[in-house]
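Trainee: The lines below spell out each chain.
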Amino acid sequence: MPDPYFFLVIFGAVAFVFPVMPLALAWLWRRFFQPPKPGAGKNATYECGVESLGEAQIQFHSHYYLYAIIFLIFDVEAIFLVPFAVAFTGLPFGAFIAILVFLLLLLEGLVWAWGKGCLSWVK
Amino acid sequence: MEALDEIKVRIEAAIPGARLEIIPNPGPANQSSLLLDHAHASTVARFLRDDPALRLDYCSNVTGVDWLERTVKKKVKVKKVVEGEEKELEETREEIFSGYLEAVYHLYSMAHKHGPLVVRLRTRDRAEGAHLPSLTPVWRSAEFQEREIYDLYGIHFDGHPDLRRILMWDEFTDHPMRKDYREPDDYEYEPTPHDDVLEKAKQHYVPRPAQDGTANIAAQ
Amino acid sequence: MSLSTRAQHSAVEAPPGMPSRLDGELLEVSMGPQHPSTHGVFRMNVALEGEVVRRLKPVFGYLHRNHEKIGENTSYLGSMPYTDRLDYICSMSNNWGYALSVEKLAGIEVPERAEYLRVILAELTRLVNHASLLGFLLSDMGAWGTPLMYAFRERENILDLFESLSGSRMMCDYMRFGGCRCDLPPGWMERARKVVDGFPHFLDEFEQLITGNEILIARTQEVGKLSAELAISAGITGPGLRASGVNYDLRKVDGYGFYPRFKFRVPLGEHGDCYDRLMMRVLELRETLGILRQAMDDLPAGPIMNPKVKIRAFKPPVGEAYGRIEAPKGELGFYLISDGSGNPYRYRVRPPSLINLTVLEDMCLGHTVADVMVILGSIDIVMGEVDR
Amino acid sequence: MASAPPIDEGLRSELQKQGIWVTSMQELYNWGRRNSIWPLQFGLACCAIEMIATAASRYDLARFGGEVFRPSPRQADLMIVAGTVTKKMAPQIVRLYNQMPDPKYVISMGACAISGGPFKQGYNVLKGIDRYIPVDVYIPGCPPRPEALLHAFMELQRKIDGQKLTGTGKAAFLDKTVPSEFPVPAFGAHDLEPPANADVFHPPKIERH
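Chains as they are written, first to last, in our numbering: chain C, -7 to 115; chain R, 1324 to 1543; chain P, 622 to 1009; chain Y, 18 to 226.
Read the hints as simulated data drawn from the structure, not as lab findings. Predicted model only: the values in this text are computed from it and were never measured. Mixed in with the good hints there might be a few duds.
[What the hints assert, rightly or not] Not everything, but these chain C residues come out facing chain Y in the computed CB check (under 10 Å): (1) Pro27; (2) Pro28; (3) Lys34; (4) Thr37; (5) Tyr38; (6) Cys40; (7) Gly41; (8) Glu43.
We put the CB at the ideal spot given by N, CA and C, even for glycine.
With the sequences and hints as input, model every part of the structure.
Mentor: Pasting the structure below:
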């Protein structure tokens, strides 16, 4: 009987080979058949056919930063909910209360941000 | 809308010192036009726009026209003393009209739904004197059209908010819609060249070796 | 922490001379000649602060094909096929505009049947243009491709009519000075009637989908507002002007081409925003269908060409004339100066699309980048006419 | 690597009857390239409307795998130059062509893109896009009917099908010596400089005998 955890090794191997194989094929193709031809024109930034003037990394309005932070919080929250959702049926009532507290805490944060006006878009 | 001469009289009454002239239009369309002088152009324009009877608030079309030097032969009856007695003589006299550039404005009224009133502005000459007062402050619709006239004809509109080339690229120096503009000869393969295309094509033909003494193509 | 601190938060004034720490710099970007929704090679240099437009300079000339210079070097008849390529979606109304101006220049009469044919074909072109606009505007707004497919299905039906009549789908070159080139082929009128009767089905489908759609309302209402005074002063014509509430339709004002004989209404808007401009086109489509039915019902028999007009060696008398028609995009005018020879001395086209773009910057300031596309789409430009 | 001799057709059909499918990498590669050409969304003038009509439901470019119009040149294989190429637009077109990844093809659609067409006497009209970039398929017409554009697609697919991956006559994009970029013309005082790209534009020499 092979080691019960052996399927993990196979799973890992397939997971590794599956993406690497096309990359290897592409590298082989580049190496033997199609030589790359980079150039100044080809690598220039594309801006609707016109030479792009000025640089793109400029200082943005701080409002975008606030929006990004609020999104990040709720994104992380969604990750925490995933294991809860998977084991939801087998959990006692206490676990349900715990996740509710977690959710309400973040909700309260959202209400505060809303009240503070971070969400209203500055025209 | 009243007749053009009535309007002319009213304008001259309202704006003293405005030198107006009616340019008759011989064609059946009978749209005669009003020639303004540079100094009073914008005041007359404002009058045309704000006058309650006219209310020409919509400048539909601004066109540039290029009039070259013209020598006009005229038959003139001249009394001449020939061998001691008076005789009526036919003499053709040449008269040279110096060239000028022109901007023609077609004005309509959206309030009274009448028009067109054709207004003309002429430059002093076709070279460095090609300056005209801009009517964009009066009618915003003239903005792009005056830029186009500046681009293609070379009339500098003084007072225009943003006088740049609109159609050609900025490094372009000529004014291509003028009658005396020669476009660059970008070589075209002409299988059967004729008259002026032949001249252009000749510079690109490999001269044919004169075999039996027949003339070379250049001398065709 | 009470909510009142919000006022202080945004009132943090930077020390004088120092850029206020909160707002960002302007990003210069060019929505350039090759852009999915600029309806051709039209470029806008936009200065963006974050997503909000602070400055917008249109750049033209990428399709400047020297239509007027070529017009001066060819005969009057020779310029007729070039007018198809001015506004290459509505070739029939361009022909009519040019033919009308030359008839005014030379004082030519047009027989009644030819005038009716011109009205029918110009209104069919209006159907094509407004249907295409609905398709393009909705794909600018994000409904990529699907409404365009429906709009082009209707367009194909009408192009079949044009092709059987004039021989070409898009470039009809059908009208001549003093009438039309050829009479209707047999069975054309029945097919035309079938297309016109089938059109309301397409229109109802569209109205059902877009009129009450709250995404569309959110994207177009209060966007790109244009006041009536600015519209008049900037020479905006066509549906864009009527959306701002100015009742100026050349078919009623000039009364050319027997339009006074047909009963039709001119829709007017109040706010002058993108939603009104969109609805102008939808309502005008309904009126156009009404005109088409009336014109088709009492199309008289008779000659389609004024026999006295010479086609080939056509030399109008010396003089000038400015003729204009209500093209689907606005007032299309032709200003011709004739010096008696076979070629016009000056051949000028008054492009509705170019002049409708005069106030593009005024409409776009303060809006986001996505709204610029909706505003440009609602103005409805075609580059062949803008750059000539 | 000498190019492998082509497979004997009789043998191939014989094996096919037995249910064995024989192909070569070149056929497989070209079959994949040919049936999924992504055109660049890039219309200049009236031909662009006819191009949209071709992509619409009646003429349906999707039957040839070409309906995915990509706005960005980075994701496009094919540039359909549809409309009049003006001198002000020419540098932009050459820059877009340079920014497209290999293998890239050009269809010159309409009389204007081929030789200036009806606007040949225009001072701002470039007399054909093949002065600056190599063109694979020309379709005459003003505008060419949608069927003509479909015919051009088939013509391009035939050309892709005939490309060889190895050996002397291999496809241009596989050959290191063939440039995949062309100099962008500059705006001069009277005309574009240079008026034509010498190593791309070979006008026919005329000797009158």
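Trainee: Under the constraints set out in the numbered hints, which ones does this structure not fulfil?
Mentor: none
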